[in-house]
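Number of protein chains: 2
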Amino acid sequence: MLYFIGLGLGDTKDITVKGLEVIKQCSRVYLEAYTSILTVGKEALEEFYGRELILADRDMVEQEADEILKGADVGDVAFLVVGDPFGATTHSDLVLRAVQSGIQYRVIHNASIMNAVGCCGLQLYNFGETVSIVFWTDTWKPESFYDKIQRNRQNGMHTLCLLDIKVKEQSMENLMRGRRIYEPPRYMSVSQAAQQLLEIVQNRREREEDLAFSEDTVCVGLARVGGADQAIEAGTLQQLVSRDLGGPLHSLIVTGHLHPLELDMLRLFAVEPNALRDLKVADSSTYTS
Amino acid sequence: MLYFIGLGLGDTKDITVKGLEVIKQCSRVYLEAYTSILTVGKEALEEFYGRELILADRDMVEQEADEILKGADVGDVAFLVVGDPFGATTHSDLVLRAVQSGIQYRVIHNASIMNAVGCCGLQLYNFGETVSIVFWTDTWKPESFYDKIQRNRQNGMHTLCLLDIKVKEQSMENLMRGRRIYEPPRYMSVSQAAQQLLEIVQNRREREEDLAFSEDTVCVGLARVGGADQAIEAGTLQQLVSRDLGGPLHSLIVTGHLHPLELDMLRLFAVEPNALRDLKVADSSTYTS
Chain Z
1 MLYFIGLGLG DTKDITVKGL EVIKQCSRVY LEAYTSILTV GKEALEEFYG RELILADRDM
61 VEQEADEILK GADVGDVAFL VVGDPFGATT HSDLVLRAVQ SGIQYRVIHN ASIMNAVGCC
121 GLQLYNFGET VSIVFWTDTW KPESFYDKIQ RNRQNGMHTL CLLDIKVKEQ SMENLMRGRR
181 IYEPPRYMSV SQAAQQLLEI VQNRREREED LAFSEDTVCV GLARVGGADQ AIEAGTLQQL
241 VSRDLGGPLH SLIVTGHLHP LELDMLRLFA VEPNALRDLK VADSSTYTS
Chain L
1 MLYFIGLGLG DTKDITVKGL EVIKQCSRVY LEAYTSILTV GKEALEEFYG RELILADRDM
61 VEQEADEILK GADVGDVAFL VVGDPFGATT HSDLVLRAVQ SGIQYRVIHN ASIMNAVGCC
121 GLQLYNFGET VSIVFWTDTW KPESFYDKIQ RNRQNGMHTL CLLDIKVKEQ SMENLMRGRR
181 IYEPPRYMSV SQAAQQLLEI VQNRREREED LAFSEDTVCV GLARVGGADQ AIEAGTLQQL
241 VSRDLGGPLH SLIVTGHLHP LELDMLRLFA VEPNALRDLK VADSSTYTS
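Chain order of the listed sequences is Z and L.
Going letter by letter, the first sequence gives residues 1 to 289 in our numbering.
Going letter by letter, the second sequence gives residues 1 to 289 in our numbering.
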């Protein structure tokens, strides 16, 4: 049996009792390590489980899947994923390969950022499509995520923005020379994401396009959701540019229509006491208090 | 401290290690019991935790919140919720009351149906607004959920439909006579939900309205997600009407645009081997194989 086990979002103890039992009975335990991170590292997990973990990076999962599946038809192998195995990133490829090889699989779910963001008080069923905000470079500044947020806003929906993660990146020089030297990992912050969104707003305003949201739109920054030191800050997009929410991982929500109860919850996390107190009717989908 | 603890979706062992530790240290432990159910009952939870649980129905949470909060400023009280505390139903009211009373709170997340549906292979970031399908009566047949599904479909998005739960219902006679006699709980099945959707499709066709989906639209029925006996079936809306997925809880997904990898995953759960093999271009947002 191949077990896909979600680790949740915080630390070692966010695994489920069932997940922990399964890990202890498996012959090999892989840790997927390219789409997310816990607030603790591999060593802390190994100590807590009492098991050695094999790090599975993207190359391994894509190119050495047979290695992961080996023996799972007769014994048990576990594949650990931060969050939920079918959360922000799915592992459909590995599922399909297992099934094709006649290997049974089972999913042990856990919280993922896709549902845990509800802790800020915005209701999950009022979210539209989730978007990813990627790191801009000097020459590549895609704006496609803006259009998706715009469409959600026009329907009154909130948008969860997942922020870019760069791990195992190679510099152009190392890549060309075939040197396996990797840059330090980079995680986009709420401030960086807000800055990029603001730049798009300014560009579109100069081009006199319709704006579905602006500097004044209520946004929510979240960091290390589910961890003991999680941070949630609600304010305008402009305000979030200058906020520092600490270490990774960060997420950003652009709100749509705000229900009064949602607004009451957001005020618990206001960037400053008076923020969100007097909301302007900046646009039709922002709740007016 | 007031702890909101998610229990996940399956059985007793789907609680996190952290959640279980907290339960053992709390002076009182409430079990929210009106928005969802586990595949096991209160007694199984009590035995596993080694603790007595106080059932908190809707009336209690809304009218006797002070009772729940009592002592949480000096000691620890736990409020257990099937799924995630901020999943399909939020408990913002209780959070706000706690904060107003100067009581700190903490959330221990878990899987909820809102993220666990990813196990069918449809990608969570391709879902639009979540809708609720309510039980129709002879005289009350709302269609508002259809319009939301339609809007999602037009944007190529999948729609998760949460299906109605009726617990602690009183018959009109018992209600009028003030008798606290309750009807047996009712949980909408995938078949019932599909039947209601089909009726709306037929009504709108008679009225010659534009249809965003039809009998041939690919849908996914899910039952007891996360449980050992979970069932997932993918087929057309018409096919799901005659399927029996067993005991509660059920959910239904109306697909939007299907990515080839999503379709490969859905085929693992096809209602019959040939279903989903030859999809017609029934409408623009269905993937053509």
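Among the hints, a few may not be true.
With a cut-off of at most 30 Å between alpha-carbon atoms, the simulated DSS-like pairs for lysine-lysine come out as follows [unchecked claim]:
id, chain 1, residue 1, chain 2, residue 2
1, L, K141, L, K166
2, Z, K148, L, K168
3, L, K168, L, K148
4, L, K166, Z, K13
5, L, K13, Z, K13
6, L, K168, Z, K42
7, Z, K70, L, K13
8, L, K42, L, K141
9, L, K24, L, K42
10, L, K24, Z, K24
11, Z, K24, L, K166
12, Z, K42, L, K13
13, Z, K24, L, K13
14, Z, K24, Z, K13
15, Z, K13, L, K24
16, Z, K13, L, K141
Computed far set for chain L versus chain Z, every beta-carbon distance over 12 Å [claimed, not checked]:
id, residue
17, G41
18, T90
19, C119
20, N126
21, K148
22, E262
Computed footprint of chain Z on chain L, listed as stretches where at least three residues anywhere in the stretch have a Cβ under 8 Å from a Cβ of chain Z [unchecked claim]:
id, segment
23, 13-19
24, 79-87
25, 129-140
26, 210-223
27, 264-274
These are calculated hints, taken from the structure and not from any lab test.
Keep in mind the model is a prediction, meaning the values are calculated, not measured.
Glycine is no exception: its CB is placed at the ideal position from the N, C-alpha and C atoms.
Taken at face value, is the distance from the CA of L/K166 to the CA of Z/K24 at most 30 Å?
-> violated (40 Å)
If you draw a straight line from the CA of L/K168 to the CA of L/K148, is it 30 Å or shorter?
-> Cα-Cα ~28 Å, so holds.
Restraint status (C-alpha distance of L/K168 to Z/K42 at most 30 Å) = violated (47 Å)
Are there at least three residues in the segment 264-274 of chain L whose beta carbon sits under 8 Å from a beta carbon of chain Z?
-> With 3 residues close enough to chain Z, the hint holds.
Quick one, are Z/K13 and L/K141 close enough, alpha carbons at most 30 Å?
-> violated (46 Å)
Take the segment 79-87 of chain L, compare each residue's beta carbon with every beta carbon of chain Z, and decide whether three or more fall closer than 8 Å.
-> Held - the segment 79-87 of chain L has 4 residues with a Cβ nearer than 8 Å to chain Z, which meets the minimum of three.
30 Å Cα cutoff - pair Z/K148, L/K168 | Violated, at about 41 Å.
Distance restraint between L/K166 and Z/K13, which requires alpha-carbon spacing of 30 Å or less = Not OK: L/K166 and Z/K13 at ~35 Å, beyond 30 Å, violated.
Below or equal to 30 Å on CA atoms is what counts here, so check L/K24 against Z/K24.
-> holds (23 Å)
Verify that the Cβ of L/E262 lies farther than 12 Å from every Cβ atom of chain Z, and report whether the claim holds or is violated.
-> violated (8 Å)
Within 30 Å, alpha carbon to alpha carbon, are Z/K13 and L/K24?
-> Distance of about 15 Å is within 30 Å: holds.
Taking only the CA atoms, is the gap from L/K24 to L/K42 under or equal to 30 Å?
-> The given pair, whose Cα atoms are some 16 Å apart, holds under the 30 Å limit.
In the structure shown, a violation is registered for the earlier hints numbered 2, 4, 6, 8, 11, 16, 18, 19, 20, 21, 22 and 26, in ascending order.
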